[in-house]
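J.: Next come the chains, spelled out residue by residue.
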Amino acid sequence: MSRVTAPPTTNGRPADDPLEMISRGETPPSEIHSALQNADAVVEIDTFRLWYGDNQALYDISLDVPRGEVTALIGPSGCGKSTLLRSVNRLNDLIPIVRMEGDMRLKGDSVYGPSVDVIELRKRMGMVFQKSNPFPMSIYENVVYSLRIDGENRKSVLDEVCERSLRGAALWDEVKDRLNDLALGLSGGQQQRLCIARAIAAEPEMLLMDEPCSALDPIATIKIEELIDQLRGAYTILIVTHNMQQASRASDNTAFMYLGRLIEYGPTADIFTNPHLRATEDYITGRFG
Amino acid sequence: MSQTPDPSVPASGASSDDAASWKKRRPRARTSLFAAGEPMVWLTGGALIICLVMVVGLLSLVLYQGLSTFWPQPVIKVETPRGPFMGEITRINEYVPRADAFSDLPTEWQAKVADAVEMSSYGEIRRRLMRTGNFRLTQNHFSWIEDPIVEREERPAWAMVVERMEWGRFYGELEAFAYVVMLESGGDLDALIAEQSGSGALRLVVETNQGMTVAPLAERAQHGSDIVGVARLETDLETAWADYHDYHDEVRARWEKRRHLEKHDTGEINHRQEQARLTVRKAEIALDGARADRNEDAIARAESALADAQAAFEQVRAEGNEAFTEIRGQIDQINRENSRYQVLFLTAGEGALPPRLALLRLDEIVSAYPANRIGFGGKLGVYIERWGEFLTAEPREANSEGGIYPAIFGTVAMTLIMAIAVVPFGVLAALYLREYAKAGPVVSAVRIAVNNLAGVPSIVFGVFGLGFFCYVVGVSIDELFFEARLPNPTYGKGGLLWASFTLALLTLPVVIVATEEAVAAVPNSMREGSYACGASKWQTIHRIVLPRALPGIITGMILAIARGAGEVAPLMLVGAVKLAPELPIDGVFPYIHPERSFMHLGFHIYDVGFQSQNSEAAKPMVFTTTFVLITIVATLNLATIWLRSRLRKRFAGGQF
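Those protein sequences? They're chains A and B, same order as listed. Heads up: the first sequence at position 284 corresponds to 284 in the working numbering, and the numbers run straight through without jumps. Heads up: the second sequence at position 265 corresponds to 265 in the working numbering, and the numbers run straight through without jumps.
Only chain A is shown next, with the shape it has when bound in the complex (with noise of 0.2 Å):
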């Protein structure tokens, strides 16, 4: 593995570092690792742009998510990487000034394609937000949500998804015995588990998770990394994390995000420990950012 070397420019990087080319308007290349080129990627994310109004958010960003593993998004604020997440599920559409180009393929088919119905596709993944947002109803009604609005009622089948779902979040033991009390008089972090569970209830092809621990507790926050590893197989991941701790922690493969720019994607491993860019090395030894 070799470093890109190039002669140096005024400021003390060589002229095709990314973030000498970024800070003229260029978009770089992404680095992305082989071990990543040709994997089994439930989501293709294929030159990507996307705009808010006349600022343009994604710079043709390309990136495969592999199927059954942990993908992390990590970068500054403001690179992108949340509205890249709610691109994934189409949230970006419900913003009135949000306009796109290009596609993304979730198990080969498009999510932007001019026929795919929005509804069916947002019901194929599920989602856990930044901040904890149960619904105002009871636990049990908040985990089977998702069923409720297809049209199921049968009871034994909303009892099973509920506890198999609660269990898959580990919650259950916690709430078995106040399934019918309001969700909103959860712990925070208990709150952020009930959202696990109600992403996972409908058996989802992938789970996106913006943030899911930036406003918990340390203990939270390590129940919650436990959850992610015990899904790690069952669901492909991609999650958002400001934390480098728990990139590193929680992720198989991690890619680093800047300014709108994907700069470089590898597994977790070789991010952290050995990067091909100096601005990730840069960045993750927080030189930057």
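I should point out that these hints are in silico values taken from the structure, not numbers from a laboratory. Just so it is clear, CB atoms sit at the ideal spot from N, CA and C, and this is done for glycine as well. Careful, some of the hints might be misleading.
Claimed, not checked - To list a few chain A residues with every Cβ distance to chain B over 10 Å, as calculated:
1) R24
2) S115
3) D150
4) D159
5) A170
6) W172
7) L182
8) E203
9) S214
10) T221
11) Q230
As the list claims (entries may be wrong) - Just a few of them, taken from the derived set where beta-carbon distance is under 10 Å, the chain B residues facing chain A:
12) A439
13) N524
14) E528
15) C533
16) A535
17) R543
18) R644
19) R646
20) R650
Here the structure of chain A is known, so what remains is to put chain B in place on it, guided by the hints.
T.: Chain B only, in chain A's frame:
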């Protein structure tokens, strides 16, 4: 200690030198009074106090007047040079008498009044307004009694306050309970007297144009054909009063039965005849239609249908007339029985009129009590009974007496129909504005228009309601479904339904604005969570947004109810009436009649207070009715607030 002490730290432990230098080095500007903010406490607090004083003052006036009206007052009898007066004191004030005000009195009395005027500092004398009642005898409900001309004042032990079905209050001293036997037409008076003589004092019952009275048997020749019967008197007053109690319930029950026969049974027969008449009219219309089409078959069918309907109508009419005769017979029977029990009173004689014995039929008396004999318990009983009558009975005497039940019913029914009509429309409109419509100039314009709608004078809504609901929608309904009744309008006039819809329109902006705010307050994260679960827009609104916004929507409903229940001006145009003969719900098919005119408390207040013949007597009713209206609005509001707090517990939880 440092030479330059930190100015932000008070020199508590510093030496006196240091403290002095610190003070010298920090000359403090005099803080402006307004910068310190203290005067604003007084200003803001004062504004609040003024608001509170006004609101509390209004409420306590209504409360005091409303609650004290029905408390029985003593009956006072005064002797004046103008004659005796008896009644209840309703008002006291001081006034400056006109120079010729007492010129009708003997000179010694004029001198007395002049002395009294002389003695007072402002040339004023006190006078009391006495409710003397007995309108049929005196043509007067109230009399002013000036203090200086009062010769003697007493509270007669057996002075009675009598509330009657007609002719207003009656004040008189109880004389006797009378068992009356009416003379059959062409009957023999001698035989009657012979039959009844024996026990108790026997008197002749004489009819005069001021009501019934009694006369001794000796005056038989004097009264001649005015004698309608004989009365055996129970003159022991305690026994007479006990008899009154014994027979009053029974007589009133019979009277209620008579009223039921008159109103309900007769009404039912009328209704049946009207239905038969309408069937004939429908058949006629059908025949006209068939003739216009020149369809021979149809004409033949319609002709035979018309013949059938006419035959049925004739039969119904014959049956009805038979039934009428029967009902009339029953009513006569009840009247005969009731006329046997009467009460004899002695009036004080109002002014120039001499005292007079007045015989009142027991079934004409709603209630009577000896005001000066009853103690606190008795007064409380009268008070509660009067409230009971006020809340459950129909108005009498051009609304100035009796109850307000139809108005309570109309107000509550109208408010509920209004709430049922306005909430769904307001919520749906607000949901479209907030959830579906793309923000832009059009939506802003709509929002401004809706807000401005709240500022349109309510009478304009009344005019619109009359023009649109009554004359466009109502007339169309009449032409389509009630053709046979034309030219009498069914829906094409003011009524409960149209009044409710008019008020719904009036309160729509309140609901829309409240709902919009409640919907906007639902955190976006919840909507996103729902969408991420694969919910559609409507599923998200229906399952997440609406439950979460429900308390806010109910707040809008509370405001709408408070606004709508107190509104009067538009109702005058679209269906509120002074006196509604029938409630919008009764026993006649289809039982609910939303097209009927109704009574409304707000309009009742206006009518009683400002349109009444006997406004002095009606004035207390204004306060009691206001009190009831405020209580109803408060009750409706409390019920919804209770509902809201329950929903809030259920949907909102501790966190936002």
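J.: What hints, given by number in increasing order, does this structure fail?
T.: Numbers 3, 7, 18, 19 - these are the hints that the structure violates, sorted from lowest upward.
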